[in-house]
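Engineer: Based on the provided sequences and hints, a complete structural model is requested.
Heads up: the sequence lines are chains A and B, in that order.
Numbering (the working numbering) for the first sequence: 1 to 154.
Numbering (the working numbering) for the second sequence: 1 to 154.
Zero decoy hints are in this set.
A pair holds if it fits inside one copy or across any two, identical chains being indistinguishable in the list.
Pairs of lysine-lysine residues, derived as DSS-like cross-links and limited to a Cα-Cα distance of at most 27 Å, are as follows:
| no. | residue 1 | residue 2 |
| --- | --- | --- |
| 1 | Lys-141 | Lys-125 |
| 2 | Lys-31 | Lys-4 |
| 3 | Lys-31 | Lys-3 |
| 4 | Lys-4 | Lys-125 |
| 5 | Lys-141 | Lys-122 |
| 6 | Lys-117 | Lys-141 |
Simulated from the structure, these hints should not be mistaken for lab results.
A quick note: this is a predicted structure, and the numbers were derived from the prediction, not measured.
Number of protein chains: 2
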Amino acid sequence: MDKKAFQDYYTEDHSHCYGCGRLNPQGLRIKSYWDGDETFTVFQPQACHTAMPGYVYGGLIASIVDCHCTGSAAAAAYRAEGRDMGTEPPLRFVTASLHVDYLRPTPIGVELVVRGKIMEVKGRKVVVAATLSANGEVCAKGQVVAVRMPEQMG
Amino acid sequence: MDKKAFQDYYTEDHSHCYGCGRLNPQGLRIKSYWDGDETFTVFQPQACHTAMPGYVYGGLIASIVDCHCTGSAAAAAYRAEGRDMGTEPPLRFVTASLHVDYLRPTPIGVELVVRGKIMEVKGRKVVVAATLSANGEVCAKGQVVAVRMPEQMG
Chain A
1 MDKKAFQDYY TEDHSHCYGC GRLNPQGLRI KSYWDGDETF TVFQPQACHT
51 AMPGYVYGGL IASIVDCHCT GSAAAAAYRA EGRDMGTEPP LRFVTASLHV
101 DYLRPTPIGV ELVVRGKIME VKGRKVVVAA TLSANGEVCA KGQVVAVRMP
151 EQMG
Chain B
1 MDKKAFQDYY TEDHSHCYGC GRLNPQGLRI KSYWDGDETF TVFQPQACHT
51 AMPGYVYGGL IASIVDCHCT GSAAAAAYRA EGRDMGTEPP LRFVTASLHV
101 DYLRPTPIGV ELVVRGKIME VKGRKVVVAA TLSANGEVCA KGQVVAVRMP
151 EQMG
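Structural biologist: Okay, here's the thing in structure tokens:
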């Protein structure tokens, strides 16, 4: 397995994201990896990431799904081109749309596992579906439509 | 205008949410209000809430939309019953689904204005649509399906 996370390949300029930038010390710094044809990340919420006491805040869940899926989109785009991540030119994706269905309250205090499935890679667009689980139970499902980063953001 | 925000009426037990709990010192503590038949909140992102340099993190946008819409759902439910917020029994909503379309990059460094529109109040469900603007330009649109909080979370 590649020990470097997708996000570790992002260029320095593009590594300040609150959700996944390795250079954002206040951020969540999520790390995503391949597992066969799927992708995954593991995240441990902090006590402050509460919704109601005992449960994880839905905005945090949306944030993890968002960054995991845009990272997965980048990885899938490299793979579709038969290239290793980190090779030039860089492929970096942003979110066009984000959808999350909250199936049940997500308990706080345990690791959350997000698994991503690449649904479509077409032109500048990649669609990624995700599940978020706690204690082996799926608590939320998400879908992200990711698009190649516009030039103006580079 | 009622100077108290929707979230100021939440009971103490339900005021720890990372997005809108007045008792969460590390949280975003967003505050939502009526403006006629619409609702609004104004939020100033911090420097750490970056996506790419110069732009606001999409997960933060999702978080603000989420909490603004669940707060709006509670306010709309009280209004539909002809009751003032804060009267018993309390009405508190959680997110069943969240959808955000990111229309353009959202500039960081300016106030964000989210306006909510109550689309449906039916039984335990309230649907709220939202726009998020920066410098008077709509940068994102969202929709939340909110449901009365399950007893288990009380």
